[in-house]
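Number of protein chains: 4
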Amino acid sequence: MGRRMRTRELGIRIGDMETGTCNAITDVEGVGVGHSTIIRGEGPLKVGEGPIRAGVTAIIPHQGNPYYEKATAAVDIFNAYGKAVGLPQIMHMGVIETPILLTDTLNTWIVADALIDYLYERYGVQAGSINPVVGETNGGFLNDSQGRHVRRPQVFEALDKARSPEGSGPVEEGCVGGGTPMAGFGFKGGIGTASRKTDYFTLGVLVQLNCGARGDLRIDGVPVGKILSEPRPRGTEAGNSIMMIVATDLGLTSRQLWKVAKRAILGVARVGHYGGVGSGDFTIAFTTDKRSVEEIAKGTGRPSGEGVRPTQNENYLGSVYRAAVEATEEAVLNALFKAETMVGRDGNTREGIPLDRVKEIMEKYGRL
Amino acid sequence: MGRRMRTRELGIRIGDMETGTCNAITDVEGVGVGHSTIIRGEGPLKVGEGPIRAGVTAIIPHQGNPYYEKATAAVDIFNAYGKAVGLPQIMHMGVIETPILLTDTLNTWIVADALIDYLYERYGVQAGSINPVVGETNGGFLNDSQGRHVRRPQVFEALDKARSPEGSGPVEEGCVGGGTPMAGFGFKGGIGTASRKTDYFTLGVLVQLNCGARGDLRIDGVPVGKILSEPRPRGTEAGNSIMMIVATDLGLTSRQLWKVAKRAILGVARVGHYGGVGSGDFTIAFTTDKRSVEEIAKGTGRPSGEGVRPTQNENYLGSVYRAAVEATEEAVLNALFKAETMVGRDGNTREGIPLDRVKEIMEKYGRL
Amino acid sequence: MGRRMRTRELGIRIGDMETGTCNAITDVEGVGVGHSTIIRGEGPLKVGEGPIRAGVTAIIPHQGNPYYEKATAAVDIFNAYGKAVGLPQIMHMGVIETPILLTDTLNTWIVADALIDYLYERYGVQAGSINPVVGETNGGFLNDSQGRHVRRPQVFEALDKARSPEGSGPVEEGCVGGGTPMAGFGFKGGIGTASRKTDYFTLGVLVQLNCGARGDLRIDGVPVGKILSEPRPRGTEAGNSIMMIVATDLGLTSRQLWKVAKRAILGVARVGHYGGVGSGDFTIAFTTDKRSVEEIAKGTGRPSGEGVRPTQNENYLGSVYRAAVEATEEAVLNALFKAETMVGRDGNTREGIPLDRVKEIMEKYGRL
Amino acid sequence: MGRRMRTRELGIRIGDMETGTCNAITDVEGVGVGHSTIIRGEGPLKVGEGPIRAGVTAIIPHQGNPYYEKATAAVDIFNAYGKAVGLPQIMHMGVIETPILLTDTLNTWIVADALIDYLYERYGVQAGSINPVVGETNGGFLNDSQGRHVRRPQVFEALDKARSPEGSGPVEEGCVGGGTPMAGFGFKGGIGTASRKTDYFTLGVLVQLNCGARGDLRIDGVPVGKILSEPRPRGTEAGNSIMMIVATDLGLTSRQLWKVAKRAILGVARVGHYGGVGSGDFTIAFTTDKRSVEEIAKGTGRPSGEGVRPTQNENYLGSVYRAAVEATEEAVLNALFKAETMVGRDGNTREGIPLDRVKEIMEKYGRL
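Residue numbers (this note's numbering), protein chains in the order written: chain A, 8 to 375; chain B, 8 to 375; chain C, 8 to 375; chain D, 8 to 375.
A portion of the hints provided could be inaccurate.
[As the list claims (entries may be wrong)] Below 27 Å or equal to it, Euclidean Cα-Cα: the simulated DSSO-like pairs (lysine-lysine) are:
1) K168(D) x K366(C)
2) K233(A) x K204(B)
3) K233(D) x K371(D)
4) K204(A) x K297(A)
5) K371(A) x K297(B)
6) K168(B) x K366(A)
7) K233(D) x K233(C)
8) K233(B) x K371(B)
9) K371(D) x K371(C)
10) K233(B) x K53(B)
11) K233(A) x K371(B)
12) K168(D) x K297(D)
13) K297(B) x K297(D)
14) K366(C) x K371(D)
15) K233(C) x K204(D)
16) K297(C) x K168(C)
17) K371(A) x K204(B)
18) K366(D) x K371(C)
19) K204(D) x K297(D)
Rather than coming from a laboratory, the hints here were simulated on the basis of the structure. Computed from a prediction, not measured in an experiment: that's the story for all the values here.
The task is simple: from the sequences and hints, build the whole structure.
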């Protein structure tokens with residue numbers, strides 16, 4: 008079983024809801040994803056030279072100009088040992104006005120600056136104030152992070168790809184883009200995505216997974232990490248952080264999106280992470296605003312028994328919350344399952360989780 | 008298997024850490040718990056008369072005068088469809104100055120007012136401003152909630168018991184005190200508690216469980232709820248809210264306790280709840296301040312490899328976070344496992360979760 | 008100059024914007040205000056008997072049923088040494104579902120419980136969960152606060168009055184309702200109100216003033232307090248808290264109302280308060296939702312020069328913020344100017360600010 | 008009166024408290040400030056070439072290594088139309104680990120990246136994760152902001168100066184460093200500072216002033232802006248944002264510093280700003296931790312009359328709050344008074360406020 012597979016390919020089904028076509032954040036119409044990846048050099052770390060295991064992942068909120076058609080958005084911060092930029096403005100203004108980029112910690116500000124360039128040069132923005140949004144996790148175990156190798160060309164490449172027709176289809180997962188050097192539960196981690204779909208809305212999640220201790224890993228509730236953690240090889244130190252991006256087509260307010268965003272960490276908790284001291288656990292949620300709540304209220308025809316005005320009844324949010332939890336849990340597992348073993352600087356190695364062992368354990372515990 | 012058992016009596020062991028002596032919040036020295044319970048009447052609801060299935064649970068932060076020796080404290084609010092009183096002052100001042108009471112939603116304010124009486128009359132407080140802290144969940148499915156039957160005598164009884172020597176020992180769980188009419192994952196819920204203990208600190212959690220849908224229930228990762236949810240009997244509607252109280256003897260600041268408090272909901276998430284639209288999910292954390300961080304820093308002797316001053320290294324919080332997650336997960340299960348079937352107003356019934364079935368399922372899934 | 012006068016009657020004009028007809032929160036169509044006041048007894052304090060200088064003020068958000076037509080709302084907390092109830096639910100759900108009551112600190116919970124009664128009995132609410140909203144400041148210098156004399160009859164009276172035709176007209180200010188025993192900048196304080204009106208919206212503020220030290224008082228920027236603070240008479244200790252209620256007819260989201268609410272404290276700052284350690288400074292903002300933002304966007308026709316979609320351009324909020332600051336500043340002064348000298352328990356006295364001296368000082372400083 | 012003068016040189020005394028020696032943030036022992044300024048070119052804007060009116064201001068929290076001796080810190084965000092980086096981590100971890108830099112909006116991320124360089128190269132930090140803290144306001148009216156001319160050399164110069172002996176003395180104000188192109192109440196703005204000192208603590212504030220509309224300007228309560236706003240010259244559009252840095256030597260917790268930080272905006276409000284829609288109003292507060300609260304408690308000997316433990320009595324914070332308000336108000340005025348007229352790109356001009364007119368008006372209103 009050498010081929011990396013997604014969670015469902017392995018026969019594991021997280022939660023109860025249906026997925027979208029690609030089971031990816033791109034199932035939310037208009038959302039695009041692009042990666043730029045640098046894997047270059049090996050051997051001892053020489054700061055500024057390599058080895059490089061880095062990249063950047065771009066998420067565009069819709070196919071229009073993000074600055075002039077700002078997407079309603081919100082942020083939840085679970086534990087903020089993290090350098091994400093652009094969040095306070097989202098929280099207060101309730102919108103994002105740029106694509107979202109994900110990268111390696113120390114590359115955050117160069118990448119943010121290059122995103123500004125992109126808005127001026129490729130989106131033709133005419134404005135003296137732009138709020139770039141960049142998230143990060145720390146890839147320093149494999150990457151020459153201090154060398155900050157992700158720069159303007161990579162940012163432009165990732166954004167161009169996200170905006171291309173391919174950017175709206177299936178999303179490459181694992182050791183790509185911002186996820187290139189990342190870890191997950193003591194195994195190799197990286198980028199993962201998943202989606203949920205109902206008659207009323209689609210919701211997709213993309214994560215850059217770099218968190219969790221091996222012994223804590225639970226796959227659909229099965230304590231796989233405990234079984235796989237003996238004997239304990241090098242490179243299984245607990246990773247720390249996770250960036251979570253939630254997209255939906257449902258027209259929610261910033262307050263509602265904030266509450267959706269808050270649910271993402273619960274999906275991560277179900278896999279076994281609980282936000283360590285040095286963890287940066289951030290969720291950014293946005294909407295493409297293509298489906299209206301009023302339409303849903305009509306569809307469900309469910310004013311509360313107490314007679315409250317239908318538009319004030321937020322019961323429909325229940326399934327949106329559930330979708331956020333399920334899709335995040337599955338996106339984390341997809342990142343883990345799709346990431347291949349990687350050797351980085353100083354020979355540091357993160358093993359891809361052995362899928363045959365996972366399958367075997369899941370079977371033993373009556374889940375496959 | 009008629010007798011209700013705690014999680015560990017059933018052979019289920021949540022997490023990796025050791026428990027305290029009683030596996031209860033009272034393992035944190037000085038903390039006391041007392042319940043007052045009213046179970047009276049049956050048949051059709053007659054507002055103001057009954058049937059009554061209600062009560063109040065008191066948690067005292069230490070054996071001293073809570074007003075004059077205020078406990079450092081913090082609050083996390085996950086979803087605030089809830090009426091808890093006293094929280095903003097805790098958040099800004101960083102202390103609690105009264106015991107904490109838990110009760111039925113509509114009884115919240117009467118109970119808060121009686122708590123004031125208690126501070127004047129039994130604690131001898133001389134002050135013109137007191138911030139009573141009361142949490143609630145909604146017991147209206149079984150109880151004449153609108154009748155607001157929990158009043159001064161019950162508040163005094165619960166507090167007196169919490170302060171008695173018995174209040175510091177094992178804690179009665181299930182259908183007692185504030186938990187009397189509550190539900191959990193479509194079964195009977197109520198009060199539950201658990202604790203974790205290391206060489207450096209003890210941490211205990213007490214919950215008033217009233218949340219979760221039956222199909223979502225996971226016991227140590229096993230989808231027990233899905234199996235037990237067919238056929239679907241009456242009275243299995245999803246409950247909504249959970250009040251979580253976290254106590255520790257470790258001398259933390261209010262900021263640090265806030266971060267500990269944020270972890271409690273992750274423990275609930277692992278059982279299958281994700282904070283519904285109408286859910287009031289509040290955590291109050293406090294410290295008795297008997298163990299010092301400096302002592303721990305000395306004990307672990309682990310300044311970060313980067314040479315940061317030991318007292319600035321918060322790595323020791325990692326195990327405190329883990330303790331909060333584990334103890335909350337187990338407290339939720341204890342509430343569920345100890346709660347007996349209860350018939351309330353209008354014949355409404357909440358079944359206690361069938362422990363023999365639980366055991367059977369856990370065995371089937373290789374966990375017992 | 009024995010008669011108490013409002014700020015504008017004295018010739019002082021705060022800010023630049025126009026006021027509504029009554030220069031009161033009731034200028035926002037649908038909003039009603041009612042007071043119930045108890046002034047009874049004199050001499051030494053005998054807890055439970057008096058002297059009583061207390062009351063309750065009710066603000067109804069509109070003429071309909073507040074539970075079934077919930078008003079979009081938000082909360083800002085500047086300093087939370089305060090016991091206000093109902094705030095977390097407003098913050099998360101973005102609505103209020105009851106009238107707002109203001110009273111004396113220790114009366115908070117009895118008043119909240121009576122508000123529940125009122126919703127059941129007079130509004131005919133059928134619901135098992137209600138979130139009463141009550142704010143408070145501490146009147147213990149004049150009132151037998153511990154006696155908690157404001158109870159169901161007063162709550163019903165204030166609410167009935169707020170809902171009567173008179174409730175929507177001019178608002179009685181000074182020593183009435185919840186403001187009865189309160190102070191302001193070392194003088195007598197209490198209830199004050201003011202409003203601002205443009206072509207696009209009306210915004211009104213009502214405060215229960217109990218904050219400020221005498222020496223800090225500034226009237227339209229003139230350091231009146233400094234001049235009036237010598238020699239320093241008894242009863243001029245700094246008061247502590249202020250409750251601020253902001254109402255508008257402009258259809259804003261909860262996020263936007265939160266930002267409007269944040270401006271109220273700036274108006275208070277201009278009078279000289281800065282939120283002391285023991286201060287409870289809370290703002291609740293709500294909208295009656297009668298004027299639409301889209302209408303305004305059309306009216307002003309001012310998409311930003313950068314071409315952002317008109318509905319995403321929040322520039323119109325600028326005048327709403329200004330209105331909130333101006334109306335709060337003036338409401339504070341109205342509370343101060345309308346409040347008469349009051350003698351309370353143990354002969355404690357709060358002097359009404361001497362308006363003739365104020366006028367004289369304002370003239371001296373070139374402002375009248 | 009051609010020479011620019013500070014507020015007190017003009018004879019205006021803000022508030023009641025004493026200032027430190029320099030009446031600057033550097034009165035807090037250990038704090039250093041350095042500016043790097045570029046003023047180059049004139050005439051039409053040519054993006055990437057100029058004219059340049061820009062710079063960066065560095066504030067070092069103490070003379071040690073900021074990464075290894077992290078200063079306890081906190082953040083308050085009043086209105087977050089702003090791009091400041093590093094704030095979420097301060098909020099959660101309660102510390103800053105780098106100097107603070109202030110610059111022009113679009114230069115934020117390049118400056119943050121150069122700050123990383125500085126920590127590695129000059130502070131010798133060995134760490135894979137650093138949280139740079141950079142604040143900004145928008146200088147695009149005078150500066151080729153899009154050209155992002157502030158880069159590594161300027162960042163290093165400002166930091167080197169802040170760490171030199173001169174960095175701990177008097178602070179240059181007005182059109183220097185990050186404040187170079189900024190505005191204030193329709194006049195020229197920039198950097199301003201002030202301090203307050205008691206027996207128990209010193210507190211200093213530094214602002215980068217870019218906010219306020221001319222008509223709203225109040226100097227010590229006198230409506231100077233109204234008088235100076237006719238006729239209305241070009242270039243008097245309301246500026247938007249203000250960055251406020253508060254330093255103290257008093258050993259406060261992060262929660263307490265957060266509450267101190269919240270007071271800074273009140274000082275700005277007293278000058279007439281109220282946080283416009285497009286305003287970024289951020290406060291970062293930190294402590295050098297040289298004076299202990301216990302010492303103060305001993306000094307004042309004032310346990311509350313109610314007998315609370317002295318260390319739980321936060322009454323001493325009252326004067327810290329007052330100091331923050333007063334020092335911020337004065338720092339804003341100092342920025343305004345010290346800033347000279349500047350002509351920038353496209354001939355755009357910001358006039359320095361005419362001090363002779365200010366003096367004349369203050370005299371007329373009985374204040375000088």
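Satisfaction of hint between K204(B) and K233(A), Cα-Cα up to 27 Å: holds (21 Å)
- request: For the pair we were handed, K366(C) and K371(D), check the Cα-Cα distance against 27 Å.
  value: Holds, at about 18 Å.
Pair hint outcome, K297(C) versus K168(C) [Cα-Cα no greater than 27 Å]: holds (23 Å)
- prompt: Does K371(C) lie within 27 Å of K366(D) when you go C-alpha to C-alpha?
  reply: holds (18 Å)
field: Agreement of K297(B) and K297(D) with the hint, judged by alpha carbon distance not exceeding 27 Å
entry: Status holds; Cα separation ~26 Å.
- request: Measure nothing beyond the straight line between the CA atoms of K371(A) and K297(B); if it is 27 Å or shorter, mark the hint as holding.
  value: violated (45 Å)
Satisfaction of hint between K204(B) and K371(A), Cα-Cα up to 27 Å: violated (32 Å)
- prompt: Are the Cα atoms of K233(D) and K233(C) separated by 27 Å or less?
  reply: holds (25 Å)
message: With the threshold set at 27 Å, check whether the alpha-carbon distance from K204(D) to K297(D) stays at or below it.
response: holds (14 Å)
- prompt: Does the structure keep K233(B) and K53(B) at a Cα separation of 27 Å or less?
  reply: Violated: K233(B) and K53(B) sit about 35 Å apart, past 27 Å.
query: Taking only the CA atoms, is the gap from K168(B) to K366(A) under or equal to 27 Å?
result: Distance of about 52 Å is beyond 27 Å: violated.
query: Given the hinted pair K233(B) and K371(B), is their alpha-carbon gap at most 27 Å?
result: Given pair K233(B), K371(B) holds - Cα atoms ~14 Å apart, limit 27 Å.
Hint compliance for this structure: hints 1, 5, 6, 10 and 17 are broken, all remaining hints hold.
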